[in-house]
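Protein chains in written order, with the working numbering: chain A, 1 to 325; chain B, 1001 to 1287.
In short, the hints are calculated from the structure, not lab data.
Keep in mind the model is a prediction, meaning the values are calculated, not measured.
Treat the hints with caution; some may be incorrect.
To be verified - Stretch-level coverage of chain A by chain B, calculated; a stretch enters the list once three of its residues show a Cβ under 8 Å from a Cβ in chain B:
no.: 1; segment: 181-193
no.: 2; segment: 198-206
Unchecked claim - Among chain B residues calculated to face chain A with C-beta under 10 Å, some are:
no.: 3; residue: Arg-1034
no.: 4; residue: Arg-1251
no.: 5; residue: Gly-1255
Quick reminder that beta carbons are idealized off the backbone N, C-alpha and C, glycines included.
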Amino acid sequence: MKKLFLLLTLSILVLAGCAPSSSTTKLTFANAGWDSIAFHNATMGTIIETLYGYEWEEVMGSTPITYEALMSGEIDIYSEIWTDNLASYENDVATGRFELLGMNFNDNNQGLYVPRYVIEGDPERGIEPMAPNLRYVSDLPQYWELFRDEEDPSKGRLYGGIPGWAVDEILRNKFDHLNLGETFNYFSPGSDPALSAALAGAYQRGEAIVGYYWEPTWLMGLYDFVLLEDEPFNETLFADGVGEFKSSDVTIGVRRGFTSEFPEVAEFLSQYTTSSSLTSSALSYIEETGASYKDAAKWFILNHQDLVATWLSAEEFNTLIAALQ
Amino acid sequence: MNWIYEFPFQLTIDTSAIDQGVRSFALTFDSVLRVIRQGLTTILLAISDLLTFIPWWVLVLLVIVLYFKQSKRLWMSIIYGVLLSMIGMIGLWPLMISTLSIVITAVILSVAIGFPLGLLLSLSERANMIMRPVLDTMQTMPVFVYLIPALLLFGLGRVPAVMATIIYAIVPIIRLTNLGIRQVNPEIVEASRSFGATTLQTLIKVQIPQAFTTIMAGLNQTLMMAMAMVVTASMIGAPGLGAEVLIAVNRIEVGRGLVSGSAIVIVAIILDRLSQGWVKPSEEEGI
């Protein structure tokens, strides 16, 4: 018995000796669960790995948890900080709890969406237009019966924001401001995947649905939704629910002390900037071809060389393209 | 040496075929799903209306009286009454009622399905062998894996929340009903048989009463597990205390989370004590 045990221990030790070992520095990206952040991580990661030789990995977690991990230094890079969804963001920037490097994109849409077939119909699927004159959020009360809430059939159901996101409160104010409460229930969808499933499920069944969503997302790329219009953006009354949403700033942040440890990486990240439509195009590419995020990142860099050139020095840019081709 | 650390064979599973399958299932059985949803909604609304109809002080008195009848401990009964009133004082009463209506609906349906199923498993060895891995799956499969297809089929709201709760909480009542019946002394069963009782008579008059304590322990566990699902249920649109916790967690508001989390704990403790009380009298009557 003892001999057997000794043999087993020895063989494990031998195997452990054979195991691949790594000693290079690993940079940690936050992956808060949605697809565009994974794409941006892959793009930044690919460039950092090719040019500066650091390995990279992602840590999965919910938005608040990964954001807290950035503050505590367990996460190095956060490629998409949706500033409107974080209550303490302004304060955290001001008090230097992390280092703000730049803007990833700020031309994204958000608001209340309906499937296009609700307004225009879809002859291919045999769907008649249900609400041909629906254009503004304030038109909704006329059509509440289309959006009937099965758990309370006397009213329609409006899918609101994710609980805890700043937008949830703004939408609730908008709901009161437009007196939607007389004909609609404000339904809290609970979580991001649940809201996506509700919208996707209704779309597949060809039913009418109205709910909050945002771009760039795979859902908006895959299905044809229309953003309902509202009064023009109003700086002062925005938080009270008046007027349309302004686009949310999506910024890039790194943990405290990152810039002094990895100056060349920080310099690149501060130049990194994309747009909502560029991100969407990459997500559609993934959806259509089934490519991995890394493949999509490579595809993106090679197909948008003019843009990538603005992030890097000419020498770095040439090295990158040569290495990827 | 590569095969020591890497599998020599690789299988590719076409997960998008499964996605397609779920989608076409939803489209084909739309009307059936609608009927199920309608039925569950009716039960849920009836229970929710009943709970909303009861004034708060009646519910508090009910808890005090029920616990006192079981335990004969006046002080503890009053403490539980005060704890329950505290939920109202911090303004969470309507949320608690809405949470309770989901939990109670799920528990009633769990018992209605789980108890007969447990009896069946205790009588048939084969059914037992088939169901064991199924029950294990129901308890350990991560909730969101089957929740997302459930959402595609049923939409968001309280109905899918009740169904998710049932899938998780039904297991103990099935297991312990099964166990309780199997643990009844075979000599007692034999005796009743030799007096000419049929299988059904033996089951109803001898085995179930003998197994009552264990079955009630199963009910208690089912209730506790249904309470444990409250926050998860709120992630698919169930209103109530769970949604309050979720908001607090998403905003990193520790205090708010602690307050609403404590309210869930209070409700759970009271439900636990009340349902444990049903176990004890039968223990005293036992042989």
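Hints, one by one, checked against the model:
no. : hint     : verdict
1   : 181-193  : holds (count 6)
2   : 198-206  : holds (count 6)
3   : Arg-1034 : holds, 9 Å
4   : Arg-1251 : holds, 5 Å
5   : Gly-1255 : violated, 14 Å
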